[in-house]
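S.K.: Here's the letter readout for the chains.
There are 2 protein chains.
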Amino acid sequence: MEPFEKAASAIDSLFSRSSLPAGVTRVVPGSVEAYWPAGFTLSGINAGIKPQRKDLMLLLCDAPSSAASVFTTNRCSAAPVELSKRHLAASNGRMRAVVCNSGNANAATGSKGLLDATRMAADTAAEFGLKAEEVLVASTGVIGQLLPVDRIAAALPALGAAAGAQQWQDAAEAIMTTDTFPKFFAVDVALSAGTARIAGIAKGSGMICPNMATMLAFLCTDASIEPSLLQEHLSAANAVSFNAITVDGDTSTNDMAAVLASGRGPVVERGSEDSRLFGEALRAVMTMLAQLIVVDGEGATKFVEIRIEGAANDDEAQVAAMTVANSPLVKTAIHGEDANWGRIIAAVGRSGASFVQEELAVWFDGLEILKPGLDAGFSEEEAKKVISKDAYAIRVSLGGGPGTAAVWTCDLSMRYIEINGSYRS
Amino acid sequence: MEPFEKAASAIDSLFSRSSLPAGVTRVVPGSVEAYWPAGFTLSGINAGIKPQRKDLMLLLCDAPSSAASVFTTNRCSAAPVELSKRHLAASNGRMRAVVCNSGNANAATGSKGLLDATRMAADTAAEFGLKAEEVLVASTGVIGQLLPVDRIAAALPALGAAAGAQQWQDAAEAIMTTDTFPKFFAVDVALSAGTARIAGIAKGSGMICPNMATMLAFLCTDASIEPSLLQEHLSAANAVSFNAITVDGDTSTNDMAAVLASGRGPVVERGSEDSRLFGEALRAVMTMLAQLIVVDGEGATKFVEIRIEGAANDDEAQVAAMTVANSPLVKTAIHGEDANWGRIIAAVGRSGASFVQEELAVWFDGLEILKPGLDAGFSEEEAKKVISKDAYAIRVSLGGGPGTAAVWTCDLSMRYIEINGSYRS
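So the protein sequences, as listed, match chains A and B.
First residue of the first sequence: 4, per the working numbering; consecutive thereafter.
First residue of the second sequence: 4, per the working numbering; consecutive thereafter.
Since the hints were derived computationally from the structure, they do not count as laboratory data.
Any given hint could turn out to be false.
As the list makes no split between identical chains, a pair holds if one copy fits it or if it spans any two.
[As the list claims (entries may be wrong)] In silico DMTMM-like cross-links for lysine to aspartate or glutamate, where the CA-CA straight-line distance does not exceed 20 Å:
no. : residue 1 : residue 2
1   : Lys134    : Glu340
2   : Lys387    : Glu421
3   : Lys115    : Asp378
4   : Lys134    : Glu312
5   : Lys392    : Glu340
6   : Lys387    : Glu85
7   : Lys53     : Glu130
8   : Lys388    : Glu136
9   : Lys115    : Glu340
10  : Lys388    : Glu235
11  : Lys88     : Asp153
12  : Lys88     : Glu136
13  : Lys115    : Glu362
14  : Lys374    : Glu229
No experiment lies behind these values; they were computed from the predicted model shown.
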C-alpha cells in the first residue's frame with residue numbers, strides 16, 4: 004500500500020473503534036476540497052539533509068497567530084526546543100511560522116546547536132519578512148550531529164515557493180523519520196458564530212513515550228482565540244492524547260506539539276459553550292494523531308488500548324495503564340497473540356497502583372478473561388478471536404475506585420529490534 | 004556447550020572483569036571437593052510438573068538455621084511468597100528447609116493457591132520431621148495455574164533420598180525456567196575464628212527487574228550468625244546485587260532471596276571486623292549470581308555494566324542507571340553494536356536525575372565517547388572494538404556530585420521476542 008493510502012486506511016480503522024464528539028465532523032482525509040484552515044499555507048521539500056526524501060517543512064501564517072505549545076520534559080532537550088520556548092515567550096504567543104527539519108535532531112549539540120537553531124529561525128524570518136521571534140523551530144532525527152544549516156538556508160526560497168493551503172501531505176511527509184506513513188487529520192467544529200476548522204500533522208515513530216509533551220505535532224485552526232486559552236486547551240488535550248501513548252517507553256529529546264490559531268474564523272471566548280466544543284474538537288484531532296503514531300510505531304503490528312478502571316484515582320490508573328503498556332512481556336505476548344493475563348496483572352502489580360489481587364478483573368474487548376477471585380475460566384478459543392485482531396482493548400478493573408485512564412500502545416516485534424539495532428537516531 | 008560448562012565459562016568471564024574482596028576465595032566452580040556449607044544437603048529431581056526436566060528442589064538443614072529473606076514488592080505477589088513471609092515470622096527466623104518447584108508460579112491463584120502452598124510446606128515438614136513454619140516455600144513458572152500439589156507430595160520421598168552436600172548442581176537445575184544454564188557460586192571467607200563458606204544458587208531469566216527483592220536465590224553459610232544480623236547483611240547486599248540488575252524491567256510476582264546459616268562454622272558478631280568481611284563475601288556471592296542472571300537473560304548476547312558517576316546522590320545515580328539499563332533503544336543499540344551515545348544521554352535525560360547537559364561525559368570501558376561540552380569526537384573504529392565484545396561497561400558522568408551506582412543489563416534481541424511471544428509465563 005502507498006503511504007497515503009496506509010494513512011487513510013489507518014484513520015478509517017481507528018474510526019471504527021471510536022467516534023467524534025457531537026458537532027465535530029471529519030474533513031481530512033475524505034473531503035475533496037481539503038484546504039488547511041484559512042490563514043495558513045504549508046510545504047515540504049527535500050533540502051538535502053536526507054538523501055532522497057522530503058526533510059524540510061514550512062508552516063506559514065499570513066498574520067500573527069495565537070500560539071500555544073508543549074515541550075519535552077527530557078533534561079537533554081534539544082536546541083530547537085529551547086529556542087522555541089524563548090520565541091514563544093518573546094512574542095507573547097503570537098507566531099507567524101513553524102520551520103521543521105527531519106534527518107537531524109539538533110540535540111546534544113551544545114552551544115553550536117543553539118546557534119544553528121537560532122540561524123534557522125533568523126534565515127526563515129528573513130526569507131518571509133518576519134521577526135525571528137515569530138518563528139517556531141523544530142528538528143527530528145539523529146541525535147548528536149551538527150545541523151547542516153547552509154543546506155536549510157539554501158532551500159528556503161524553494162520551500163516558500165512550494166507553499167499552499169493544500170500542501171499538507173508534503174508537509175506531513177517532510178517531518179517523517181522511521182514513520183511508514185504521514186500522519187494528518189482535520190475536522191470542522193460547528194461553533195455558534197460559524198464553523199472552525201482544526202487540522203494537524205504529526206510524526207512518530209520510535210523514542211515514543213511523551214511526558215507532558217509529545218513527539219512533533221503541528222496543529223492549525225482558523226478560530227479566533229487568545230494564546231492563553233489556546234494553551235489551556237492544548238495542555239488539557241495533550242494529557243489524554245499525546246501523553247497517553249507509548250511505543251517503547253523512551254521519552255524523546257525533541258518532543259513538541261504546537262497549535263497556531265489564525266483568527267480568521269469564529270471567535271472562541273473563555274468559559275463559553277464554544278470553548279468547550281473547541282476543546283473537544285482539538286482533543287479529537289490530537290487523539291487521532293496520537294493513535295496514528297501508535298499504529299505506525301516502530302515494528303508495530305497491533306494497536307491496543309489499555310484501559311484501567313476502578314483505581315483509587317486517575318493518577319494511579321494512569322501509572323498502571325502505562326506500566327502495562329510499556330511492559331516488554333505484555334508487548335511480546337500481544338505480538339505472539341498469547342492470552343497471557345498473568346503478565347498483565349503482574350505489570351499492574353509492580354506499577355505502584357493500590358488494589359487487592361482478588362478484586363482484579365480483566366477483559367479483552369468484551370470478553371471477560373479474569374473474574375474477581377482470580378477466576379480465569381475463559382475460553383482460549385474465544386480469547387484468540389479477539390487477540391488475533393489488529394486492534395483491540397485490554398481492560399483491567401482494579402476494584403471499586405473512581406479512577407480511570409486509557410493509553411494506547413503497540414506490540415514489540417522483531418522488526419523493532421531490526422530497526423533500532425541499525426538506525427542511529 | 005553443555006549447561007554446566009556454560010555456567011563455569013560465564014563465571015570465568017565475569018571474573019575477568021572484577022575481583023573478590025581480600026580474604027574471600029572462590030570455591031565453586033573450581034574446587035574438586037565442592038561441598039555445600041556444613042549443615043546443609045540439597046537435591047533436585049523431576050516431579051512431573053514439567054515434562055522432562057528437573058522441577059523440584061529441596062534444601063535441608065540438619066538443625067534450625069538462622070534465616071533471612073527479601074521478597075518481591077509486586078502487589079500481585081504469589082502464594083508461596085505470602086506463606087514464606089508468615090513462616091519466617093512464626094519461626095522467629097529459624098528455618099530447617101526450603102522447598103521450591105519450577106514450571107508453575109502458584110501466582111494469581113487466590114485462596115486455593117495459598118492452600119496449595121500451605122500443603123506443600125506441610126507435606127515437606129511431615130516428610131522430614133520438621134514443623135511447617137520451619138519450611139520456606141517458593142515457586143516459579145507459569146502464572147495463574149493451580150499447583151499440582153499431589154505430584155509434589157508424591158515426589159518428596161525421592162527428593163529426600165537424593166539429597167546430599169554435593170547435589171547443588173541438581174538443585175540449581177531444578178529451579179530453572181527459561182534459563183539456559185544453572186546458576187551457582189560459592190566462596191570461602193577467612194574470619195578470625197576460622198573459615199566460613201557461603202554458597203548460593205539462583206535462577207533468571209525473564210521478568211527480571213527486581214525491586215527490593217530478587218528472582219529466586221537461595222544462599223547457605225555455615226557461619227554462626229543471628230537472624231537479625233543476617234537480615235541486615237542480606238538486605239544491604241541485595242540492594243547492590245539482585246536489585247542492581249535488569250533484563251526487561253518487569254518485576255516478577257515470585258521474587259525471593261533467602262539465606263540460611265547453619266551455625267556450624269565461625270561466629271559472626273555484630274559490629275566486628277568479621278561481620279564486615281562476612282557482608283562483603285555475601286555480597287560477592289550475590290553479585291556473581293545476579294550477574295549470571297543477566298548473562299543468561301532471555302535472548303541476551305551482551306552483558307553490559309551501566310555505571311553512573313557524579314550524580315547529586317546515590318538514589319539519582321541509581322534511577323539514571325536503571326533508566327539507561329531498561330531503555331529499549333539503548334538495549335537494541337547494544338545489540339546492534341551501534342555506538343549510539345545519543346540514546347544513552349536521552350535516557351539519562353528522562354530519568355529524573357538532575358544534571359546540566361554540557362557536563363555529561365560518556366565512556367565505553369576506558370574509551371571516552373562524549374566529553375563535557377557535548378564533544379563527541381571519538382573514533383567509531385575504536386568504539387566498535389569495545390562494543391563488539393560480549394561484555395563491557397558504559398560509564399556516564401553527570402557532573403561533580405558524589406552519587407554513584409552500577410547496574411547490570413543485557414541487550415534486547417529478537418530471541419527475547421521469540422521466547423516471550425510464545426512462552427506463557
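S.K.: Using 20 Å as the alpha-carbon threshold, which applies to Lys392 and Glu340: within, between, both, or neither?
M.R.: within (9 Å within a copy, 35 Å between copies)
S.K.: Please work out whether the CA atoms of Lys53 and Glu130 approach to 20 Å or closer within one copy, between two copies, in both situations, or in neither?
M.R.: Classified as neither; 22 Å inside a copy, 72 Å across copies.
S.K.: Between Lys115 and Glu340, at a C-alpha cutoff of 20 Å, which is it: within one copy, between copies, both, or neither?
M.R.: Answer is neither: 48 Å inside a copy and 28 Å across each miss the 20 Å cutoff.
S.K.: For the identical chains here, do Lys387 and Glu85 meet the 20 Å Cα criterion within one copy, between copies, both, or neither?
M.R.: neither (48 Å within a copy, 33 Å between copies)
S.K.: Since the copies are identical, ignore which copy is meant and state whether Lys88 and Asp153 lie within 20 Å (CA to CA) inside a copy, between copies, both or neither.
M.R.: neither (23 Å within a copy, 66 Å between copies)
S.K.: When no copy is named, should Lys374 and Glu229 be tagged within, between, both, or neither for a Cα gap of at most 20 Å?
M.R.: Neither, since 49 Å and 44 Å both go past 20 Å.
S.K.: When no copy is specified for Lys388 and Glu235, does a C-alpha distance of 20 Å or less occur within a copy, between copies, both, or neither?
M.R.: neither (42 Å within a copy, 51 Å between copies)
S.K.: Taking 20 Å as the upper bound on the Cα-Cα distance, should Lys115 and Glu362 be classified as within, between, both, or neither?
M.R.: between (56 Å within a copy, 15 Å between copies)
S.K.: How do Lys115 and Asp378 come out at 20 Å by Cα distance, when the copy is not named: within, between, both, or neither?
M.R.: between (60 Å within a copy, 11 Å between copies)
S.K.: Given identical chains, is Lys388 near Glu136, meaning Cα to Cα at most 20 Å, within a copy, between copies, both, or neither?
M.R.: For Lys388 and Glu136, neither the intra-copy (54 Å) nor the inter-copy (46 Å) Cα distance is at most 20 Å.
S.K.: Taking 20 Å as the upper bound on the Cα-Cα distance, should Lys88 and Glu136 be classified as within, between, both, or neither?
M.R.: within (10 Å within a copy, 63 Å between copies)
S.K.: When no copy is named, should Lys134 and Glu312 be tagged within, between, both, or neither for a Cα gap of at most 20 Å?
M.R.: neither (49 Å within a copy, 43 Å between copies)
The earlier numbered hints that this structure contradicts are 1, 4, 6, 7, 8, 9, 10, 11 and 14.
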